Amino acid sequence: MLDARQLEALAAVVEHGGFGPAAKALSVTLAAVSLRIKSLEDTLGQRLLVRGKQVRATPAGQALLGHVKQVRLMESDLLADLQGGSPASAGRGPRWQSLSVAINADSVASWFLPGVAALLQRHRLLLEIVIDDQDHTHDALKSGDVMGCVTTLATAMRGCVAEPLGVMRYRCVAAPEVVQRCRTPSGAVSPHKLLSHPAVIFNRKDALQDDFLEQHFGLHRPNYPRHFAPAVEAFETAIELGLGWGMVPEQHLLHQPLLEELLPGATVDVVLYWQHWAHEPPSAQRLTAAVKAAARQQLRPLA
42 MLDARQLEAL
52 AAVVEHGGFG
62 PAAKALSVTL
72 AAVSLRIKSL
82 EDTLGQRLLV
92 RGKQVRATPA
102 GQALLGHVKQ
112 VRLMESDLLA
122 DLQGGSPASA
132 GRGPRWQSLS
142 VAINADSVAS
152 WFLPGVAALL
162 QRHRLLLEIV
172 IDDQDHTHDA
182 LKSGDVMGCV
192 TTLATAMRGC
202 VAEPLGVMRY
212 RCVAAPEVVQ
222 RCRTPSGAVS
232 PHKLLSHPAV
242 IFNRKDALQD
252 DFLEQHFGLH
262 RPNYPRHFAP
272 AVEAFETAIE
282 LGLGWGMVPE
292 QHLLHQPLLE
302 ELLPGATVDV
312 VLYWQHWAHE
322 PPSAQRLTAA
332 VKAAARQQLR
342 PLA
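Here the sequence shown is numbered in the working numbering, starting from 42 and rising by one per residue.
Please note: incorrect hints may appear among the correct ones.
[What the hints assert, rightly or not] Straight-line distance between alpha carbons at most 25 Å, and here's what the computed SDA-like set of lysine to any residue pairs gives: (1) 234 with 266; (2) 79 with 68; (3) 183 with 169; (4) 246 with 284; (5) 246 with 216; (6) 65 with 122.
Calculated from the structure, these hints are not laboratory results. The structure presented is a predicted model; accordingly, all values stated were derived computationally and were not measured.
Working from the sequences, and respecting the hints, build out all of it.
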């Protein structure tokens, strides 16, 4: 049997970034936290933490962190059921529960939050959202930091299920004056002229612009100037202001009438999946159902 206090000490060290902050959060001494971690490592016969300037979990530690999160959710669900009809809970409802997820920024505002908002309010669920590129969100699930993620990874990771959500379609757009400068006298888009203008990119993990150039011009990761704007509003504002061209989800273009497509009809399709724990507590199951329902309504279906 795993010791609950030792597991909480492990989780606290990782969540709070060190042994000292963990001791403060648990209201115990620093020595007590160190002893609990050492005892857990001795019991399992392997290191669970990489100690250094920044403490992080080893693969074994990450697996235990995922277990801790699952246990917390199951206990929270159980308490909510037990307290839901008790006099002590009258007038205040069940306790709030927290769920952590990793999602790409384009999905958060366009379909994810609108799709799960009613569920969060009805069941008193709190979301901790980790924002990352859709090609990298699964790293947070693998490390045990989240219970589910919107990702492009189709292969289910160990202990997880990968369910297809649909397709998010992107179009290459720019301000009208930028589009005009990228065209030849005949009206065709010139790759040379396009690459002389900066691209507006969400962050350094974002490869959508490179995908567009390769799919529609046959250019494999060419060099071109780039602005980085790691916030959806700032990203789209930069394109509106004529700072460069970029890839925008077609759902967003409904609210961006001032932008024009550089190459009308040329798109980049990104297939999204919902990866989540194979054995989910009830609250996580409800979230999974809501995510899948929202995707069916808002994303393009798989071919």
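Against the structure, the hints:
{"no.": "1", "hint": "234 with 266", "verdict": "12 Å, holds"}
{"no.": "2", "hint": "79 with 68", "verdict": "18 Å, holds"}
{"no.": "3", "hint": "183 with 169", "verdict": "16 Å, holds"}
{"no.": "4", "hint": "246 with 284", "verdict": "20 Å, holds"}
{"no.": "5", "hint": "246 with 216", "verdict": "24 Å, holds"}
{"no.": "6", "hint": "65 with 122", "verdict": "31 Å, violated"}
Violated hint: 6 only; the structure is consistent with all others.
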